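A.B. asks: All chains should be modelled from the sequences, with the hints used to inform the complete structure.
For reference, the chains in residue letters:
Protein chains: 2
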Amino acid sequence: MADKPAVVLFSGGLDSTTVLAHAQRQGYRCHALSFRYGQRHETELACAKTIASRMGVARHVTIDFDLRQFGGSALTDNIDVPKSASVAEMPAGIPVTYVPARNTIFLSFALAWAETLGARDIFIGVNAMDYSGYPDCRPEFISAFVHLANVATKAGIEGSDGFQIHAPLMTLSKAQIIALGLSLGVDYAGTSSCYDPLPSGAPCGHCDACLLRAKGFEEAGVVDPLVQKFLGT
Amino acid sequence: MADKPAVVLFSGGLDSTTVLAHAQRQGYRCHALSFRYGQRHETELACAKTIASRMGVARHVTIDFDLRQFGGSALTDNIDVPKSASVAEMPAGIPVTYVPARNTIFLSFALAWAETLGARDIFIGVNAMDYSGYPDCRPEFISAFVHLANVATKAGIEGSDGFQIHAPLMTLSKAQIIALGLSLGVDYAGTSSCYDPLPSGAPCGHCDACLLRAKGFEEAGVVDPLVQKFLGT
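Line order of the protein sequences matches chains E and R. Per my numbering, the very first residue in the first sequence carries number 1; after that it's consecutive. Per my numbering, the very first residue in the second sequence carries number 1; after that it's consecutive.
Treat the hints as calculated values from the structure; they're not laboratory data. The structure displayed is predicted, hence computed values, not measured ones.
Simulated crosslink set (DMTMM-like; lysine to aspartate or glutamate; CA at most 20 angstroms straight-line):
| hint | chain 1 | residue 1 | chain 2 | residue 2 |
| --- | --- | --- | --- | --- |
| 1 | E | LYS229 | E | GLU42 |
| 2 | R | LYS49 | E | ASP66 |
| 3 | E | LYS4 | E | ASP161 |
| 4 | R | LYS154 | E | GLU140 |
| 5 | E | LYS49 | E | ASP64 |
| 6 | E | LYS49 | R | ASP66 |
| 7 | E | LYS154 | R | GLU140 |
| 8 | R | LYS215 | R | GLU89 |
Incomplete in silico selection of chain R near chain E, CB under 8 angstroms:
| hint | residue |
| --- | --- |
| 9 | ALA112 |
| 10 | GLU115 |
| 11 | ALA152 |
Which chain E residues face chain R? A few, computed with CB under 7 angstroms, are given here:
| hint | residue |
| --- | --- |
| 12 | PHE65 |
| 13 | PHE70 |
| 14 | ILE105 |
| 15 | SER108 |
| 16 | LEU111 |
| 17 | ALA112 |
| 18 | TRP113 |
| 19 | GLU115 |
| 20 | ASP136 |
| 21 | PHE141 |
| 22 | ALA144 |
| 23 | THR153 |
Idealized CB from N, CA, C, for every residue including glycine.
C.D. replies: Below, the structure is given as structure tokens:
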């Protein structure tokens, strides 16, 4: 088990860093996979690179492609990221930060890498509790992808053991995710969650991701070291 | 119907060119999607560009990424493409030209574009008859992807009409595909099928794709205009 390979989808954010620490604690030899897909900023990729190195992953690969060729999301297109004063005031429904089929694309690449490595385990930090309402963060999506993976691949149809998608954060609140990460020794000061960070890399504080993160730290009773770092408090 | 948008996976090969002609004949406004994924040669992409323009697609997008970062296939890695004297002598089983999760990745991008366009129809030229034995060319794979598409997307969970993946070649022999294409006016001289073309762009004649194509033209009782073009006969 100690050397069992796994692919971990890894954005450099709070959730995926927690997942990486969790997979490593379970004994997986982790291959971290990030994407430069035309997102508005490089902050999270810089965080991903530093954290992957610090956490000693087996390999860290960043795949480049440009979803701006399709458009259609505030994260990739020329649409403003919505800002609110609090989680309670976040607009209802699936927000414009939704990127069509993003997690489907990400998991497809993870599947390709896993099959190449001989790995059967893929980790993803999706969460259906304190989340933005994206359809590709739900348990139904993960189940559907597992089924697809096992009919789409040589490993799936020839092997005796199928692919597994681990989504260990699925039913955790943001506060519970933070508590889990802290128990695993995660340093959240190095993670980035903000959809629209300032040029300094500081979080904007008012996008959905910032608000959900702040609520999580508040409920966990812990000061966010990222905010502390930028505010100097 | 005349203006119903569709995304067509389009490699510039015999199969996908036939599918494009078929979708256009059905009245779809076709958006052709190609990939530069680290394949060994650019011949098919050059063909795709020329054919897409000649056939008057609504838009042709080529997405770039590099599957060589993962390795593991003769089409992207430093492994020789197998050559045989005839279809009967092709090695059994899934060949080394299999690219892990390739069609899963391709369909994921097609889904992203379709959702952005407001399209619900995706066309793919997979074929489970005269094919190389790839797992992601089978009906089970297509069904699994349709299910995934409809739980993965905003359009899938909010809309009344789900995504459809059209695989009109699925149960056709290569000869039947060619007959269909010819009836739709496809000019196969511009298409490329070979896995390992010569620097001139001429097909090698002995990879699986060349052998299956040659057998198809033979059974259809038609001379392959591509071979004619390069042999000058």
